[in-house]
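Sequence lines, in order, name chains A and B. FYI, numbering that gives the first Met the number 0 numbers position 175 of the first sequence as 174, with every residue one higher than the one before it. FYI, numbering that gives the first Met the number 0 numbers position 39 of the second sequence as 38, with every residue one higher than the one before it.
It is worth saying that the hints were derived from the structure and are not from the lab. Yeah, the Cβ is synthetic: ideal placement off N, Cα and C, and Gly gets one too. Heads up, none of these hints are tricks.
Short derived list, chain B residues pointing at chain A, Cβ under 8 Å:
hint: 1; residue: 38
hint: 2; residue: 39
hint: 3; residue: 53
hint: 4; residue: 54
hint: 5; residue: 57
hint: 6; residue: 59
hint: 7; residue: 104
hint: 8; residue: 108
hint: 9; residue: 121
hint: 10; residue: 125
hint: 11; residue: 126
Beyond 10 Å from chain B on every Cβ pair, some chain A residues (computed):
hint: 12; residue: 22
hint: 13; residue: 26
hint: 14; residue: 58
hint: 15; residue: 143
hint: 16; residue: 183
Pulled from the structure, derived: some chain A residues nowhere near chain B, Cβ distances all over 12 Å:
hint: 17; residue: 30
hint: 18; residue: 130
hint: 19; residue: 141
hint: 20; residue: 156
hint: 21; residue: 180
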Amino acid sequence: MTLRFTIIGISVGAASLAAIGAFAQENSGLAEWEKVYAVFSHPRCANCHVEDESPRWSGPHYGATRVHGFAIGRGEDGFGNPGQRCTTCHFETNSPKLHGPPGAPHWHLAPAEMVWFEKSSAEICAQIKDPARNGGRTLEEIAVHVRDDALVGWGWSPGPGREPAPGSAQETYEALVAWADAGAPCPGE
Amino acid sequence: MQITINGNVRELDVDPEMPLLWALRDVAGVLGPKFGCGIAACGACTVFIDGQPVRSCVMPVGQVSGAVTTIEGLGEPDALHPVQQAWIDEQVPQCGYCQAGQIMSAVALLAEIPNPTDEDIDKAMSGNLCRCGTYPRIRAAVKRAARSMGEA
Chain A
0 MTLRFTIIGI
10 SVGAASLAAI
20 GAFAQENSGL
30 AEWEKVYAVF
40 SHPRCANCHV
50 EDESPRWSGP
60 HYGATRVHGF
70 AIGRGEDGFG
80 NPGQRCTTCH
90 FETNSPKLHG
100 PPGAPHWHLA
110 PAEMVWFEKS
120 SAEICAQIKD
130 PARNGGRTLE
140 EIAVHVRDDA
150 LVGWGWSPGP
160 GREPAPGSAQ
170 ETYEALVAWA
180 DAGAPCPGE
Chain B
0 MQITINGNVR
10 ELDVDPEMPL
20 LWALRDVAGV
30 LGPKFGCGIA
40 ACGACTVFID
50 GQPVRSCVMP
60 VGQVSGAVTT
70 IEGLGEPDAL
80 HPVQQAWIDE
90 QVPQCGYCQA
100 GQIMSAVALL
110 AEIPNPTDED
120 IDKAMSGNLC
130 RCGTYPRIRA
140 AVKRAARSMG
150 EA
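Only chain B is shown next, with the shape it has when bound in the complex:
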């Protein structure tokens, strides 16, 4: 089947019941989205379909109905997405394993609510777990990104 991943049309020979995450990581070689729980309960695998976040560890690849964007598609190393830059500026990650999913959810939130309150952040990101407990820095980075995107 054909899937657009980060702007590139890819032809993948996969079972339509295969979770999208498997297709991305094991077939397409896109390694940003991570496997955490396998039941959409941790958020590490979060990617976008047409700009909306989905947990790719559960979504059957045959149900992908739009363009897939992963953490690799947000920005370039020399032109980071403002949320990625805010993550660096706040030194958010510890082990880093969940952070690709965290950033995807933050981008999805800021696309709809440019200046989120703490409550907005909780409602958007409570499905993204961080075993290192970086939540205070995640919250600070979301607000920093909101400010920088507002100035842009």
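Bound-form chain A, shown alone:
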């Protein structure tokens, strides 16, 4: 009888430990995700991850966030409209002048399904994990893309007068990997 209770006790204890471990892993994963969300929701990233036709401008001198001037639009390929392509003004490097156009290689809008602008942490998290809305990428591929892509990297080096995204490309890569290793948990709404 004593042995039976002992075995039951060990079983219950192991189950509790497993539950506590899973809880701790989810919590650590969510903490890593929040680092990623702080980057993806930052204006340097979200202003060009929109679901409509217009990239956004924001910064202290604009007051509220506004649509990009000059009637700039997504165009059929995300690289702007005929006559006003993104690369009409955005070159390989930032303009050194205050209010001059920022620049990085292959400047363009993210596809509309990759929307981050004005989306919640839960919504962005779900999008990042959905291959139908993340460019068919694995989480590892997303992490590498964030670390290595030159246009993504612009977010941490945005030129004069613009606040950079928090952290760095390497730190965001590491947060994405740690989040994926923890089971890629998403926050609730």
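Given the coordinates of chain A, work out where chain B should sit on it, guided by the hints.
For chain B alone, kept in the frame of chain A given last:
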């Protein structure tokens, strides 16, 4: 560095960080593109790189990766580009300062959309400002050019 400007290969002794507009105007002596704002916000400096419009006041000359075409390269005085002719026929310019950039953007638009709507024109040309307010005549000239190019 070597740059092809309006079909001519030019050797320019310039800093690669120099804006293309400076290289064109001050070094190569090509004066059609104009300096307006210096931050790609007015369009007066618009030229083509391999047929695509760029604001030359911001583009570092070292990043030029194709042939440059300016307003001088569109047509000859006795054989104007249809857009240039439409600009004359509609008597578009007042002071004229922005018009080289306006015409370059119109040519770029018509190359991709031969019969543009008002919305197409707005999307293509809202980055070209005209302090004289010639926009109604610009719109008419774009449509006139579209008709004449369609008949050609």
